[in-house]
Every structure is written in C-alpha cells, then in structure tokens.
Amino acid sequence: DQQVKQNSPSLSVQEGRISILNCDYTNSMFDYFLWYKKYPAEGPTFLISISSIKDKNEDGRFTVFLNKSAKHLSLHIVPSQPGDSAVYFCAARMEYGNKLVFGAGTILRVKS
Amino acid sequence: KAGVTQTPRYLIKTRGQQVTLSCSPISGHRSVSWYQQTPGQGLQFLFEYFSETQRNKGNFPGRFSGRQFSNSRSEMNVSTLELGDSALYLCASSALGEQYFGPGTRLTVT
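Protein sequence lines, in the order shown, are assigned to chains D and A.
Going by this note's numbering, the letters in the first sequence line up with residues 1 to 112, in that order.
Going by this note's numbering, the letters in the second sequence line up with residues 1001 to 1110, in that order.
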C-alpha cells in the first residue's frame, strides 16, 4: 500500500527555469511533510518541510505547497541550477513519533 | 555542529552471519530512526528510538533489532543474514521534526 506517491520517475529542466516536483498521499493522518535531496551512495539531505496547518513554506530557492483537500504537495525550485540534479524524495510523517513514509523519488536533471 | 555519523561505511557479510551497525546522532538529538534503502522497495522505515526506548517499528522481521544508549548513540543488529538484506542502511536523528540523515552503511550479503 503506497501511501506516498511520486508519479514522475524523472524530470528534465533547463538551467534557470522552474522545477516542479509533485507528490500525492493517501493517509489523512499525515501531519508533516518533508522534501529530501539524495545523491547515490549518500544519505538524503533535508531541504524543506511543511506542517499540515500551512499551505506554503519558502526557503530561498525552494518553496513547498500543500493542498490538503487534494492530498497533494509540490516542491518548486526557482531558478534551477545544474547542482540541483539529484533524486528528490517526498516524505510524510504522522502525528506521533518520527516514522517517515517516503515516496519512490523523482530524478531531476537540470541541463546547462 | 557535527552531523550524523555511521560506522562502518561499507560491509560485506556472508549469508547466515550477523551484523551490527552503529549510528551517532547530532549532539542534542534524542530520537534516532533507522531506514533501509533498496532498489526494489525504496526507503523503508525500520524502527525509531527515543530516550533508549523503541517508540515505533516498521514491518520488518524480528531478525532486525536495535537499541539506543544513554548518550543517544544507536546500534542496529541483523541476525541470520539473507541475500535480500543487501541494502543501504540509513540512520537519521531528529530534535523537533526534521530528520537529518547520516551517509549510510552499504551492506552486501554474499
């Protein structure tokens, strides 16, 4: 049962343009959402998070949007840079504890 | 502030053996979680420890176990290794919500 889904396995974007990565979830008990960036053979790097009581959170070039009614969140990267090329994971957490449920990931390629 | 450290970084074991992996969290973080990453199953939650107590457990067999010490350092143990246990094992520490991951231990079972 895939509770967190990233339906796009890969995304290719030109340098300087916007990258939009999408994530859907099914469990309404999730109350906190996070995005991670990962390179092969390394641990995920935390990027940005959002609580279920908010609909937007910004941190520099990264913005996360949450649409609770649609059970959908997205990560916007503006402007995209070649160094952003990596696998991006969406993760969700329930109210109690720190168990994260991860999506399958989206490979982002930023072309220069 | 030093990040999450994991030892060893790479490990090769034989089927039937057991293995212990170690994780040192970020200073001040009391929660440590363990995840397994494989190409087929992605990132899967193993268990979480908080103040030396297991607070949450994923859907893994009893061969996978862990513990946490009073200094918040954690170990996970896998007994009777199977080929399918080959994976990247990740540890994450947390204080207030965000989880910060270590570099992982790459375990290969032959």
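Worth flagging that the hints you see were computed from the coordinates, not collected in a lab.
We put the beta carbon where it would ideally sit given N, CA and C, even for glycine.
Each hint should be verified, as a subset may be incorrect.
[Claimed, not checked] Quick look at which bits of chain D chain A covers, simulated, 3 or more residues with Cβ under 8 Å:
1. 4 to 14
2. 33 to 42
[Unchecked claim] Simulated crosslink set (DSSO-like; lysine-lysine; CA at most 27 Å straight-line):
3. A/K1057 - D/K37
4. D/K56 - A/K1057
5. A/K1057 - D/K111
6. D/K5 - A/K1013
7. A/K1013 - D/K71
[What the hints assert, rightly or not] Far from chain D by the CB rule (all over 12 Å, computed), these chain A residues:
8. R1009
9. Q1018
10. F1069
11. L1090
12. S1093
Assess, step by step, whether the Cα of A/K1013 is no farther than 27 Å from the Cα of D/K71, and give holds or violated. 42 Å, violated
12 Å Cβ clearance of A/R1009 from chain D: 9 Å, violated
Does A/K1013 sit within 27 Å of D/K5, going by the straight-line distance between their CA atoms? Given that 27 Å is the threshold and the Cα spacing comes to 33 Å, the pair is violated.
Holds or violated: A/K1057 and D/K111, Cα atoms, limit 27 Å. 41 Å, violated
Please confirm whether A/L1090 is truly not at the interface, meaning its C-beta sits more than 12 Å away from all C-beta atoms of chain D. Incorrect as stated: the minimum Cβ-Cβ distance to chain D is 5 Å, not above 12 Å.
Mind checking, does the region 33 to 42 of chain D have 3 or more residues with a CB under 8 Å from chain A? holds (count 4)
At 12 Å, judged by beta carbons, does A/S1093 keep clear of chain D as stated? It is violated; A/S1093 is separated from chain D by about 9 Å at its closest Cβ, not greater than 12 Å.
Compare the distance between the alpha carbons of D/K56 and A/K1057 with 27 Å, and conclude whether the hinted pair is satisfied. 31 Å, violated
Outcome, coverage of the region 4 to 14 of chain D by chain A - at least 3 residues whose beta-carbon is closer than 8 Å to one in that chain: Violated: only 0 residues of the region 4 to 14 of chain D have a Cβ under 8 Å from chain A.
Find the nearest Cβ of chain D to the Cβ of A/F1069 and say whether that gap is larger than 12 Å. With a cut-off of 12 Å, A/F1069 remains clear of chain D, as the shortest Cβ separation is near 18 Å.
Straight-line Cα separation of A/K1057 and D/K37 no greater than 27 Å? 24 Å, holds
Please check whether the beta-carbon of A/Q1018 is more than 12 Å away from every beta-carbon in chain D. 24 Å, holds
Consistency with the previously given hints fails for numbers 1, 4, 5, 6, 7, 8, 11 and 12, ordered from lowest to highest.
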